[in-house]
Amino acid sequence: MSPSPTILRTGGVGFLFEFERAWADLVGSVLRGPLAWALARHDIASRYRGSILGPFWITLSMGTMVVGLGVLYSQLFHLEIHAFLPYVALGIVIWSLISGLTTEGCETFNQAAAILRQTSLPLLTFVWRTVTRSLIAFSHHLVIVVAVMIWARMYSANYLMALLGLVVVVANLSWLSLLTAIASARFRDIPQVVTSVMQFAMFLTPVFWRADQLPKRGLILTYNPFYYMLDVVRSPLLSAPQDPRSWPVLLTMALVGWGVAFLLFAKTRRRVVHYL
Amino acid sequence: MSLVAVSNLTVRFPVYGVDSRSLKKHIARAAVGGRIDRGHVGVQNVTALNDVSLFLRPGDRLGLVGPNGAGKTTLLRCIAGAYEPDAGRVEVHGKIASLLDMSLGIDPSATGYDNIRLRGLIGGTSPSEMARKIDEIAEFTGLGPYLDLPLKTYSAGMQTRLAFAVTTSVDAEILLLDEWLAAGDADFQDKAHERLVSLVERSRILVFASHNLEMIRSYCNKIMRIEAGQASPIFDISRLDELLAA
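Chains A and B, in that order, are what the protein sequence lines are.
So the first sequence is residues 1 to 276, counted in our numbering.
So the second sequence is residues 1001 to 1246, counted in our numbering.
In short, the hints are calculated from the structure, not lab data.
Accuracy of the hints is not assured; some may be wrong.
[Unchecked claim] One side only, chain B facing chain A, incomplete, derived with CB under 10 Å: (1) R1077; (2) R1089; (3) H1093; (4) S1098; (5) I1122; (6) S1126; (7) E1129; (8) L1147; (9) P1150; (10) K1191.
[As the list claims (entries may be wrong)] Only some residues are given here: those of chain A computed to face chain B with a beta carbon under 10 Å: (11) I7; (12) A38; (13) A45; (14) R49.
[Stated by the list, open to error] Just so you have them, the derived chain A footprint on chain B, three or more residues with Cβ under 8 Å: (15) 1107-1120; (16) 1233-1244.
Cβ coordinates follow ideal geometry from the N, Cα and C atoms, glycine included.
All chains, please: the whole structure from these sequences, using the hints.
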């Protein structure tokens, strides 16, 4: 017989203890991975319930956007569409993962308020739910990328590097998502702030313009974390030269970011349920 | 062995974004509710539970009585592990089923069946176990073809039936019940009562918060009175009247 599940909750006994509890939350949330997956699937299914195409609306709406922007910008910038469309498609698809995870992160705890108030489920389960949900949407978007790349006859690419790039991007976006989740639970202005910032960031990031169109590689790119996120996934797929700074920057960001986010989580964990 | 051990539990709610002092004074003067004091800037603290201790062994069926806002639900939520104590300690051994709020994990646009599955998962039942139980749960709700319709088309009573059926389908050692059970029509009330009695019998420990003394008398063998966050010791049910008069 397996030992009975146990709940132990105590008052504050110093930060080290809080850290330990936060770690236990993390471990518990990983063990409950299937729950996060089930919740994420449910979210996607319920968003498109009753529509004929179902989740493939994600694909279709992304497709129209990619084609529209690709055609328009290739004319505006006088670029060859076979080279430009894959670039734009990847740009928009990766960007939608970035902005999706940060903006939906804001709803992570608010959406789960009823559950958090009466169960002992780990808080991080709901962060993984948001991450998984975004990845499910992303996988639907990939259909567009594949279609465009076949159309452009780009078959050879460094898929392994792109996949590793995706992993490090998601690692970064997860802590960002945790951060926005905690901040938006506490301060109701944060979701609006995040939405505005992400919109602004989209224009400053080479999503549908090319980095080499900038007069010189300016500060806009150097201090833009999202530029590196795009670069690390997109360049290997387009067999384009990669910015040598991308990997070091993203790895450092993932480590420091998770460190900061986890400390904040340890500090606020017991309060989050009261924020809601 | 199942047990619930709560020692010197104190819970304070930070209330954020309430900057109206008059409201604070208003609540503080009222006879109901916990004690309110001023924390750091913009945050007020409501002391919902103050130095509460209790110890429950298998066979204990504790009824919680007390006015609105006394802290009954807060205590249940602490035992369920949702709220963290500010001081003191809560230790629970055994699988918990909590029927605190029927809106738990309910998605209004999903069908009845989807909601049963979802709620079961959140309650800690594995998907395969849920698949085995779903017919029995569906049967108990008595909702028949309605289970294929979205939950938003249900009346409040129908939603209660569904929530009740799912939550009570678990085999729990520790059962936490809050007031909301009093919905549903007479026919369902009887069924629910029957099921609850069997559930209470199967569980080892029950904590039940209610204003309905009749229900307390029929389910519980021990009693505790909570008022403004302060708890009395645990008494035998025979002293209920005495306790309420005090």
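Right, here's what the structure says about each hint:
A distance limit of 10 Å between C-beta atoms decides the matter here; for B/R1077 the minimum to chain A is near 6 Å, and the interface restraint holds. Interface hint at B/R1089: satisfied, since its Cβ lies 4 Å from the closest Cβ of chain A, which is below the 10 Å cut-off. Look at B/H1093: its Cβ gets to within about 5 Å of chain A, closer than 10 Å, so that hint holds up. Hint on B/S1098 holds. Least Cβ distance to chain A is approximately 6 Å, under the 10 Å limit.
Checking B/I1122 against chain A by beta carbon gives a least distance of about 6 Å; that is within 10 Å, so the hint holds. Among the interface hints, the one on B/S1126 holds; its C-beta lies about 8 Å from the nearest C-beta in chain A, closer than the 10 Å criterion. The interface hint given for B/E1129 is broken, as the beta carbon of that residue sits about 12 Å from the closest beta carbon of chain A, more than 10 Å. Contact between B/L1147 and chain A, as hinted, is not supported at the beta carbon level, the nearest pair being about 15 Å apart and thus beyond 10 Å.
Checking B/P1150 against chain A: minimum C-beta separation of about 8 Å stays under 10 Å; hint holds. The beta carbon of B/K1191 is not positioned within 10 Å of any beta carbon in chain A (closest approach about 24 Å), and the interface hint is therefore violated. The beta carbon of A/I7 is positioned within 10 Å of a beta carbon in chain B (closest approach about 4 Å), and the interface hint is therefore held. Hint on A/A38 holds. Least Cβ distance to chain B is approximately 5 Å, under the 10 Å limit.
Taken as an interface hint, A/A45 checks out: its beta carbon lies about 8 Å from the nearest beta carbon of chain B, inside 10 Å. For A/R49, the shortest C-beta to C-beta distance to chain B is roughly 6 Å, which falls under 10 Å, so the interface hint holds. With 5 residues having a Cβ less than 8 Å from any Cβ of chain A, the region 1107-1120 of chain B passes the three-residue criterion, so the hint holds. For the region 1233-1244 of chain B, the proposed coverage by chain A is not satisfied: 0 residues have a C-beta within less than 8 Å of a C-beta in that chain, short of the threshold of three.
Of the numbered hints given earlier, the model fails hints 7, 8, 10 and 16; all others are met.
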